[in-house]
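Chain by chain, the residues run as shown.
Number of protein chains: 2
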Amino acid sequence: MGSLTDIGVSAGLNILSAVGFLLAFAVLRIQPINDRVYFPKWYLKGTRSSPRQLGTVFSKFVNADLSTYIRFLNWMPAALKMPEPELIEHAGLDSAVYVRIYLLGLKIFVPIALLAFAVLVPVNWTSGTLENEKGLSYDEIDKLSISNLGKGSKRFWAHIAMSYVFTFWTCFVLYHEYKVVTTMRLRFLANQNRRPDQYTVLVRNVPPDPDESVSEHVEHFFAVNHRDHYLSHQIVYNANHLSGLVEKKKGLQNWLIYYENKHAKNTAKRPKIKTGLWGLWGQRVDAIEYHQKEIEDLCKQEDEERQKVITDPNYIMPAAFVSFKTQWGAAVCAQTQQTSNPTVWLTEWAPEPRDVFWANLAIPFVELSVRRLIVAVAFFFLTFFFMIPIAIVQSLANLEEIEKVLPFLKPIIERNSLQAVIQGFLPGIVLKIFLIVLPTILMAMSKIEGHTSLSGLDRKTAMKYYIFLFVNVFLGSVITGTAFQQLDNFIHQSANKIPEVIGESIPMKATFFMTYIMVDGWSGIAAEVLRLKALVIFHIKNAFLVRTEHDREQAMDPGSLDFYNSEPRLQLYFLLGLVYAVVTPMLLPFIIVFFSLAYLVFRHQIINVYSQHYESGAQFWPDVHMRLIIALIVSQILLLGLLSTQEAEKSTVALLPLPVLSIWFHYVCKGRFEPAFVKFPLQDAMVKDTLERAHDPTLNLREYLKGAYVHPVFQKNDIYKVVAMDEEEKNPIVVTKRQSRMNTPGGSKFNSSSGGTNEGEFSRVPPT
Amino acid sequence: MGSLTDIGVSAGLNILSAVGFLLAFAVLRIQPINDRVYFPKWYLKGTRSSPRQLGTVFSKFVNADLSTYIRFLNWMPAALKMPEPELIEHAGLDSAVYVRIYLLGLKIFVPIALLAFAVLVPVNWTSGTLENEKGLSYDEIDKLSISNLGKGSKRFWAHIAMSYVFTFWTCFVLYHEYKVVTTMRLRFLANQNRRPDQYTVLVRNVPPDPDESVSEHVEHFFAVNHRDHYLSHQIVYNANHLSGLVEKKKGLQNWLIYYENKHAKNTAKRPKIKTGLWGLWGQRVDAIEYHQKEIEDLCKQEDEERQKVITDPNYIMPAAFVSFKTQWGAAVCAQTQQTSNPTVWLTEWAPEPRDVFWANLAIPFVELSVRRLIVAVAFFFLTFFFMIPIAIVQSLANLEEIEKVLPFLKPIIERNSLQAVIQGFLPGIVLKIFLIVLPTILMAMSKIEGHTSLSGLDRKTAMKYYIFLFVNVFLGSVITGTAFQQLDNFIHQSANKIPEVIGESIPMKATFFMTYIMVDGWSGIAAEVLRLKALVIFHIKNAFLVRTEHDREQAMDPGSLDFYNSEPRLQLYFLLGLVYAVVTPMLLPFIIVFFSLAYLVFRHQIINVYSQHYESGAQFWPDVHMRLIIALIVSQILLLGLLSTQEAEKSTVALLPLPVLSIWFHYVCKGRFEPAFVKFPLQDAMVKDTLERAHDPTLNLREYLKGAYVHPVFQKNDIYKVVAMDEEEKNPIVVTKRQSRMNTPGGSKFNSSSGGTNEGEFSRVPPT
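In order, the protein sequences belong to chains B and Y. No gaps in the numbering here: position 732 of the first sequence is 731 in numbering that gives the first Met the number 0, and each next residue is one more. No gaps in the numbering here: position 64 of the second sequence is 63 in numbering that gives the first Met the number 0, and each next residue is one more.
Bear in mind the hints are in silico, worked out from the structure with no lab data behind them. Check before you lean on any hint, since a few could be wrong.
[Said to hold, decoys possible] Examples of chain B residues toward chain Y, derived with CB under 7 Å: (1) Q336; (2) L372; (3) I373; (4) P674; (5) K678; (6) T689.
Glycine is no exception: its CB is placed at the ideal position from the N, C-alpha and C atoms.
Construct all of the structure, not just a fragment, from the sequences and the given hints.
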């Protein structure tokens, strides 16, 4: 186990690296050449133009104004300055609520830490059991933790009482936060401008009909069963292959631009490439001509595919977006069952157009349940068999173990400074590498499960990732680490002993998790703000691909808050904080530093950098809340297990009501708040309908909705005109009113009054 | 452990008692004097009149026609003769589907038994491990069970394969049955005549409004938010105290009749009673005068209370029955959320008027969740601390134990015949006594939980009762029984060993459960058909209270299928059957006999006797299905546990996919069928609306619905006229069209064309 010195060295190192990242960020961000890396959001909004257009050549690239260097920490107060309503307006509700999770961490843990240091630390410190027992090696940290209490000590009552206080405080904060987020969501939905998804319902599993096409069948069904409300519908094409072709063409076009640029710089020599695999072998040809020909071929293929998609009925999926005359009609259709067979005519709120995950719209009901079974089994194996490599590597990360296995390393390892360095960094980094690979695999699994919206995919992946982190990072670190210390007598223990065993080893793992928080949390967050990867890629693109200002906008990658990746990881800190609050309160300051830093950084990022792909109106909150409750219950059960090994069995019975009350609290919150995230109340729909009518009585809704749910590859092409089941075809296309799909606040408004100021990525497909 | 002889004796005894009951029934049912006990349903339908009206005095009471005695088993084919559609028409869908559960038992277990006897019994029998091992006492039954296989035997593969076959067969039958029941329910709902609950939604938690009364508030809310569909509403009064008074008056009236009858027989002497507790002490008064005065007082109190209920706004509950112009409108309102606060304006389908549990309509949301928490905790304690007495009594029921504790009884016990008798009866009866007390307590708990319909109460109570039976009867019998055989080494074992320990002792408890099935199942069902309790009560009432033919109808207690009481108990047989199918196939014939007999008896009872209080349209089926799946999974886990103790660990891994597949099967069925039991599809509503309009275009729906949801104590009183928010008050009251509330098929039709032929119990409240 690491000693206080180890922790000190590790903390020093991590603080150094974090400060290094922050300094680098502070310098880099004020260089004009990096402006598009650190402020892409403002470019997308159109309120910031390149600072490079003015001044000398030198000042176009490097900031020579020394006064800005002095104020290099300015971004921190700036990040905090924007008030929340403006933040919602600017970055969307999803992002604004997401940063509230970090704030929630502070709200929970600052009072808990104060109380723990005021009550539990003195209780532990003055107990002095460890000092009295001879032959036991212990750290100063252990003296501050629950380990310092002797078996059967009366002082455990202080911990039990604190456990109650912490639970009630956490529940209080959680309840309050759920209420606030619910209010924010409802206000957000009520204040939104008109959006196509408010009037639209996604219908899946349209049953086949021998006499009618899918389109006719949908129209007849809804014209009959929602007689007074049905307006129009948009059928869904299987354009997966087509969008593959479009993607491929885009890549080739990038290469073409690259070679053209190269040729322009050196007109004497035409660039050549080999046509084989990765340009390594094959025939040597002229690169520009080759790519031009390839693109031409692809354009032809694309045209054919486009024609096939529209004319061939096999390309029509048994799904449709059905629009209603009123929001009330749509709310009714989305919340009710349509026919007596619940596996057909499945209706749900249509996701925002940009939130739709098109590839999954056509999966039949039975296949869906088979897919879910397969993914569940695969996920089980992934979760539990992934533990093996972690266990091996972590056991090596214990220096005494390394010494045993490789005794010749002993003289190197036992140099004090090196020991501390390895001890401090190694276990955290081992975990980190595993974790980077994972979310992509889990996202692929969720896609196989067949969810129809990106936001849904994010939420489901986050759940999987959380389970994985819980089993492998949390439980894996606790049990495996101690398994090597307790030698073998652990393997043959039985299932009900697990809370005891974990609980018992929890205090021993405190230093490990402190290191983990510093490496993963502190340094990780500081690296986040630096955006090293985006910086490099932008400059590469800028050097080779950019010819016009428009290209430069394309080269900019604002990135987005990857909910499925970041939320489960941050939940781990809640888990650690709640578990260690009673056991080793020394861990809490580390957590608090993490949450403060992360709050600052993410607030800065959502203001200046990230551009969300979709806006779900904080639909993820019930999941966040539930996982916090899980963390709470786990902390209670582990404390129970720990105390029951301390010969304090009688007093531990006093802890039993806690998990019961926590579960009950979860159900109360679920009943009280969750419907606001799942359903859309009729009263609100009626209010919005009334306002809409008063506000814009002449609105042609059919015209407004036309083309809103056309597959992205058909956007900006007039093909969908043939497609739309609409008699008013003389009118001009409405799609040009759409704003950039990359731009959160603009796109989420999507109202008829906002002109088409930006061109999104989908609109850039050149006319064929 | 009981030997084959014990089982034989026990079987003989139980068959004798069952046959005795059946013979008694065969004789009693053809006596005219008992006609109303054994055929009350036909009286309620009005198609049977008393056979006592014709013939001599003697033949009025005793059946002298010897030919009917010869055909005394006639009722059995008669019970099977009625085809299912007619049965549904006659007894309601609930009853018709309920008897299908017994048929389902036969469908599952007859093929399983055939296969088990063809494959597993020979495999077990020829193994001969028990014969070879010396010093082991065993029974012939054990030679047929899995115990006869040696540890690590290759023959376990046969059992594993059979476990797969049985699981797939069970799932196949379950799926098919769910499908059939769903179709029956949908057809039943589609063919129903017009009923008030089809147009009505129950609204709870109407928020208080400072300016409006509850009634105005409800009207305004629905007139705005369901503009095109809202028709009218009926507010709910807190008439719990009033109905208490009415009940009390009814009891006093019965006593009055009793004393008047007594006086009429012996006019010389006026009956006297004491006014104190239970008539044991206090002043001696004239019984008739006393009761007349008491009733008069009560009438006055009732009148005052009635006035208070109507005039005092505090008696108005924040709940209402809201009716819509179309079934489509009602279906929409019932399935959607009304406002952004999900704890107010809660809507759900209104139960049938006679299915409403009035006392629970006014519980606010937060109180509801507190109540549920309290009941859950109370239920937990009830379930787990109830085990202690069972354990004690059952350990005594083991004869060797009794001998040890009370050695002086040894000579008596060791008489072979007596030993068999005690062994056969005792354990079953001990359990039985416990079980009789219980359902009432559980029903009270469910009432505290705040469900609003009788059918909901039944379902929730059934779930509790099932859990109780599972823990206490099944697990309790298995573990506690063997705990005394395995002495102490069981208590200190850990939680993950439980499947192993239970699995291991399962084969040893086979004879106990065979006895249990015979006592509880065979004799119990035979006693059911005899209706001893109803017979006695009817004759007592007949002797003392009946003056007119009308009184006699009141004295008749048809009883009803108590779903909450009978279904969980019958689930126990499914559990036993599935658990022992692989382990001890000898148990299966006992189960099959039980299901056959029960099917016969219950089909007879629902045709001739029972009158359901309500008709839920087989809404209980998802619960039945789920409990069967639970039984299946339990059987798989226990087999896993058993095999893992038999040194066949490697082959047991092959069993692991079974529970996973079973759980998956549950979710598939849930998704495929359950919505039909929870929601009402809009398409079906639209079809019914269209038919209704075509069929009866001039229907005054407002008039039809008026008074349908008036509290029973106001029925037949014109008070509700003041209450109904209705402008068309000139029209005559419609309530007289209501049929008897005691009568299932009539009441479930509830259509305007059926005249008021019967007078229900609620309509008998004398005018005040």
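- Hints violated by the structure (listed by number, smallest first): Hints 3, 6 not satisfied by this model.
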